[in-house]
Amino acid sequence: MILTLLMGTIFLTQIMLVVAMAFATFRVLRGPRAQDRVLGLDTLYVTATMLLLTFGIRNGSILYFEAALIIALLGFVSTAALAKFLMRGEVIE
Amino acid sequence: MNNHLADLPAWAAIPAALLLLAGAVLTLIGTVGLLRFGSFYQRVHAPTLGSTLGIGCILLASMLVFSVLESRAILHEVLITALMVVTTPITLMLLARAALYRDRSEGSDEVPPPPSGQDARASGTAPQPQPGLGGGQDV
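Listed in order, the protein sequences are those of chains A and B. Just so you know, we're using numbering that gives the first Met the number 0 here: the first sequence kicks off at 0 and counts up by one. Just so you know, we're using numbering that gives the first Met the number 0 here: the second sequence kicks off at 0 and counts up by one.
Please note that a few of the clues may not be correct.
As the list claims (entries may be wrong) - From the structure, some residues in chain B lie toward chain A, with a derived Cβ separation under 7 angstroms: (1) 16; (2) 20; (3) 30; (4) 39; (5) 79; (6) 80; (7) 81.
Said to hold, decoys possible - Simulated restraints on C-beta separations: (8) 90(A) to 82(B): 19 to 27 angstroms; (9) 32(A) to 68(B): 17 to 25 angstroms; (10) 72(B) to 65(A): 15 to 23 angstroms; (11) 60(A) to 81(B): 16 to 24 angstroms; (12) 11(A) to 35(B): 17 to 25 angstroms; (13) 66(A) to 10(B): 27 to 35 angstroms; (14) 104(B) to 10(A): 41 to 49 angstroms; (15) 44(B) to 27(A): 26 to 34 angstroms.
Quick caveat, the hints were computed from the structure, so don't treat them as lab data. What you are looking at is a predicted structure, and each value in this text was computed from that prediction instead of being measured. Glycine residues also receive a C-beta, built at the ideal position from the N, C-alpha and C atoms.
Isolated chain B (complex conformation):
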C-alpha cells in the first residue's frame, strides 16, 4: 500500500503536510478550550476554531494532494467548505439562543435580563392579545 503518495512531488507534499498539521493543531486547541473553559457561553467559542480554520486547512491539503496526484483540479472539497461556512454559524447561534432561553426561564444570574420589548415571553410578562381584533371573522 501507500504507493500513491510516493508519486507526490516534494513541492506538493511539504505544503500538504504543513496544512494537515496546522489543521490538527487548531482543532486540538479548540477542543482543549471546550474541555477547560468555565461556562457554556465561553465554551461555545472554542470549537469554532476547529470547525472553520481547522477543517479549512485539512480540506485545502486534501484538494492539493488529490489535484496533484490525478493531474487535474479536484474540487469536491469545496462542497464541504461551503457547507461548513454556511451551517456552523446557524447551528451555534441556535444553540446559544436556546441556552440563553433556558437560563432566562430558570432565572439564572449569569445571563443579562431580556431587553424591554423583546423576549417578553421569557420573563413571564407576555402581553395579552386583544380579543376584539379580527374577532368578527371567526365562525
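Isolated chain A (complex conformation):
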C-alpha cells in the first residue's frame, strides 16, 4: 500500500517535471529576445537536475546523483558564460 503510494507519487512528480521542462523548452524556442532564451535554458537544466534525482529515488541508485551534480555544475557555467556574452559580445576578453 505504502509502496504503491510512493511509486504513484514518484510517477506524478516525474510527469509534472516533464511538463515544467516542456514549458521551459517553449520559452527557449519562442523567447522574444535572447535573454528569455537563456532564462528558459537555465530553468530547463534545473528541472533536469530534479528529474534525475527522482529517477535516482525510483531506482535506488546513487549514480543518478552524480549526473545531476554534473548538470548543475555545467549549467551554472553555461548560463554565466551566456550572460557574459549577451553583455559584452564575447565570453573571454
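Chain B: place on chain A using the hints.
Quick look at chain B alone, frame taken from chain A:
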C-alpha cells in the same frame, strides 16, 4: 525491480512522497509563470521558485529515502544544495544586468535611465580619460 522501496517504512515514505510532490508542484508553478508573464523582468522572478524551494524539497526527499534505506546518513545532496544556493543568484543577477544593459543601449522605454555617475558608458556620455595622467611613464 522496485524491491528497494518496499523496505522503506511508512514514517519515511509518507514525508518523502509529500516532499517530492511539493517540489514538483512548486517547479511547475514557477515554469507556468515563466510561460505566462509579460516582460523579461517579470519572467526572471518566476523560475527561482523551482530553483530554490523546489529543488530543496526534492533533495530533502532524496536524502531521507537514501538515509533510511542504507541506515546511515547520506549527505551527498548537500553538495547540490550548496551549489544551487550559491549559483542561482549569481547567474540570474548576471542575466538581469545583461538584459538591462541591452535594453538601455537600445534606448528602450521599459527600463529606467541609468543613475547619474553610474553606467555612463550605456548612455553614451563616457568621460574621456585625462591624457596627462601617467603619461610620463609611457615608453
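Against the structure, the hints:
no.	hint	result
1	16	4 angstroms, holds
2	20	6 angstroms, holds
3	30	4 angstroms, holds
4	39	6 angstroms, holds
5	79	6 angstroms, holds
6	80	10 angstroms, violated
7	81	10 angstroms, violated
8	90(A) to 82(B): 19 to 27 angstroms	21 angstroms, holds
9	32(A) to 68(B): 17 to 25 angstroms	46 angstroms, violated
10	72(B) to 65(A): 15 to 23 angstroms	18 angstroms, holds
11	60(A) to 81(B): 16 to 24 angstroms	22 angstroms, holds
12	11(A) to 35(B): 17 to 25 angstroms	22 angstroms, holds
13	66(A) to 10(B): 27 to 35 angstroms	30 angstroms, holds
14	104(B) to 10(A): 41 to 49 angstroms	48 angstroms, holds
15	44(B) to 27(A): 26 to 34 angstroms	18 angstroms, violated
Hint compliance for this structure: hints 6, 7, 9 and 15 are not met, and every other hint is.
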